[in-house]
Amino acid sequence: METTESSTQIKITTADPSALGLFGLAMVTFVASSQKLGLTEGLSYILPWAFFLGGLAQLFAAVLDAKHNNIFGTTAFGAFGLFWFGVGTTWLIQLGFFGETLAVNGDQKQLGFAFVGYLIFCIFMTIGAMETHKVLFFIFVFIDFLFIGLSLSSFGIMYELTHMLAGVAEMCIALLSFYGSGAIVLNTHFGHVVLPIGKPFGIFKK
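In terms of the working numbering, the sequence shown is residues 54 to 259.
Bear in mind the hints are in silico, worked out from the structure with no lab data behind them.
Ideal Cβ positions, reconstructed from N, Cα and C, are used throughout, including at glycine.
Errors might be hidden in some of the hints.
[Unchecked claim] Restraint-style ranges between C-beta atoms, simulated for each label pair:
{"hint": "1", "residue 1": "143", "residue 2": "177", "range": "22 to 30 angstroms"}
{"hint": "2", "residue 1": "122", "residue 2": "152", "range": "38 to 46 angstroms"}
{"hint": "3", "residue 1": "97", "residue 2": "213", "range": "22 to 30 angstroms"}
{"hint": "4", "residue 1": "256", "residue 2": "228", "range": "21 to 29 angstroms"}
[Unchecked claim] Result set (SDA-like, lysine to any residue): computed pairs, CA atoms no more than 20 angstroms apart in a straight line:
{"hint": "5", "residue 1": "252", "residue 2": "180"}
{"hint": "6", "residue 1": "120", "residue 2": "104"}
{"hint": "7", "residue 1": "252", "residue 2": "162"}
{"hint": "8", "residue 1": "120", "residue 2": "102"}
{"hint": "9", "residue 1": "187", "residue 2": "138"}
{"hint": "10", "residue 1": "258", "residue 2": "125"}
{"hint": "11", "residue 1": "259", "residue 2": "95"}
{"hint": "12", "residue 1": "187", "residue 2": "232"}
{"hint": "13", "residue 1": "162", "residue 2": "138"}
{"hint": "14", "residue 1": "258", "residue 2": "191"}
{"hint": "15", "residue 1": "187", "residue 2": "245"}
I would like the entire structure built from these sequences, with the hints used as guidance.
Okay, here's the thing in structure tokens:
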């Protein structure tokens, strides 16, 4: 006698990782901007936040966004997570962690080219952010200004002004990212809009 068993499929869902990714971005830019703006000094105590919040938290968010088949979130969080690993490693080199030879052979202009590369990346990501929500769009706008400031200051162009531009833009990124992270958590948790994040512009996607 044949027996048949009815099996029920359990739907496994993955939580939206955007809040964690934005919180990681908020924390690292909040701490790093304090140094650029002259509120704090040195790089040593920025490093843990660069690696763990800027790097690991955003990479983790990228992996989870990939499970959502979200190419925009995966690319954004993945690229910025790796960016902070790169920046953190650069600071380690500057501080002599890997030895004097590496420390004395650094060329600041190479960082400038890296920042220009990320500026190019951020320009088309800013266009993409127009069809997510307005908070994320303005975060990317300030990221654009951050990389403009970092690029110009790395090439020694109006250093004081462009370095300050980078610091102010980075602080704005931090504050908006804190807001965006909080909005996603509270809006999702309560099931209604507690903190508005703004609708997409509806230019490229109707």
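Going through the hints against the structure:
1. 143 to 177: 22 to 30 angstroms: Holds - the Cβ-Cβ distance for residue 143 and residue 177, about 24 angstroms, lies within 22 to 30 angstroms.
2. 122 to 152: 38 to 46 angstroms: With Cβ atoms ~44 angstroms apart, the hint holds.
3. 97 to 213: 22 to 30 angstroms: holds (24 angstroms)
4. 256 to 228: 21 to 29 angstroms: The hint (21 to 29 angstroms, Cβ to Cβ) holds, given that residue 256 and residue 228 are roughly 26 angstroms apart.
5. 252 to 180: At roughly 15 angstroms apart (the allowed maximum being 20 angstroms), residue 180 and residue 252 satisfy the hint.
6. 120 to 104: violated (23 angstroms)
7. 252 to 162: This hinted pair is violated, its Cα atoms lying about 39 angstroms apart.
8. 120 to 102: Between residue 120 and residue 102 the Cα gap is close to 26 angstroms, so the pair fails against 20 angstroms, i.e. violated.
9. 187 to 138: violated (27 angstroms)
10. 258 to 125: It holds: about 14 angstroms lies between the C-alpha atoms, which stays within 20 angstroms.
11. 259 to 95: violated (48 angstroms)
12. 187 to 232: Holds, because 12 angstroms separates the two Cα atoms, which is no more than 20 angstroms.
13. 162 to 138: holds (19 angstroms)
14. 258 to 191: holds (18 angstroms)
15. 187 to 245: holds (18 angstroms)
Comparing the model with each earlier hint shows violations of hints 6, 7, 8, 9 and 11; every other hint is respected.
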